Amino acid sequence: MLGLALVAAIVVALGLFVGVKSLVGHRSDAWMVFLGSGGHTGEMMRLLDNLSVTRPAHLLAVYSQGDDMSRKRALSLDAKMFAVPRARKVGQGWASSALSSLYSLWFSFGVVAKANPRLLLVNGPGTCVILAACVVLLKPFGVQTTIVYVESLARVSSLSLSGRLLYPVADAFVVQWPQLVQKYPRAKYIGMLV
Amino acid sequence: MACLVLTGATVPFNELVSGITPGVVRVLNSKGIGAIEMQYGHAKAAFENGPGRLQSVAGFAFADLTEKIQNASIVISHAGTGSILDVLRGHPGIPLIVVPNESLMDNHQLEVANQFEPDYLCVSRVGDLETTIGRALNHTFKRLPAPKSLDAVISQLH
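Chains as they are written, first to last, in the working numbering: chain A, 1 to 194; chain B, 1001 to 1158.
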């Protein structure tokens, strides 16, 4: 009986592995960027504007469903665009945030798996953590995306919630005020980026 | 000479809209600034019941600000990081006064504004605008250094 259950468990696990693996697309040279609305989108547009040698040939722009401002600004990026459900709306309670985050994760999982981008560039808010979580969860299935997080210029002496969550997982964690490097030694400071 | 007032596009900042009083307008006029243009955003009622009644003040809810910033000779703005950047990058060296929105409970606004004071802007409370305008017009502001590129970080990763 135990043996049968074990075999069944292995079959299910293998099935899941193969299933998820089949979702993962070919590794792409594109970057995935998240336009997080309002000031986040504004800073992201400036970050992208200031790139020269590392500017990728292809961009995948992700924005939150209903964020028309970011959708419009993404049009100027000549990027492939994806709208994903928001992890959390401003003022939303914790229980309801957990549910909407799960839905957002479920939805984004497929987007990230299929795109399999070379780099994920994010600067908050909440939904960007979901995209990074997808990358981390998909690592065993062949997604090799490098995660770059840039903290907002508005953060002078403490990190945002997204920043605190992504600090341990980002491959590069960049801040825009030198004070933050003393508190967060993994952070890189090279000057104002926007 | 024109003064541009930016009160923010996301949250209504009634205090700053109403803060452009006849007294503030008189101070601006006395410094040779005859036209005041205000982005009142979602604070239309505050605008119409206040500065909108004054002859030298014009208002709009939302618009592309690039040209308006370039044409202004002084800007009074809410302390949103995006607006501060738009002004400091779009019109380097222009006298810029920022008024933090104290009802937002967002200390980050004030924190960022303080980082840029006194080299790049003056921070003011609404009630102090008359004196801050004089101070800002007599001050020589620095130009913000060009932004650094993420290239330096990203090229190390690959």
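Misleading hints may appear alongside valid ones.
Pairs of lysine-lysine, DSS-like flavour, derived with a Cα cap of 30 Å [what the hints assert, rightly or not]:
1) 1044/B <-> 1068/B
2) 72/A <-> 1068/B
3) 89/A <-> 1142/B
By construction, these hints were calculated from the structure, which means they are not laboratory data. All values derive from a computational prediction rather than experimental measurement.
Hint by hint, here is what the structure shows:
Simply put, residue 1044/B and residue 1068/B have alpha-carbon atoms about 19 Å apart, close enough for the 30 Å limit, and the pair holds. A threshold of 30 Å between alpha carbons decides the hint, and for residue 72/A with residue 1068/B the separation of about 21 Å falls inside it, so the pair holds. Distance restraint check for residue 89/A and residue 1142/B: the Cα-Cα separation of roughly 38 Å exceeds the 30 Å cut-off, and the hinted pair is therefore not satisfied.
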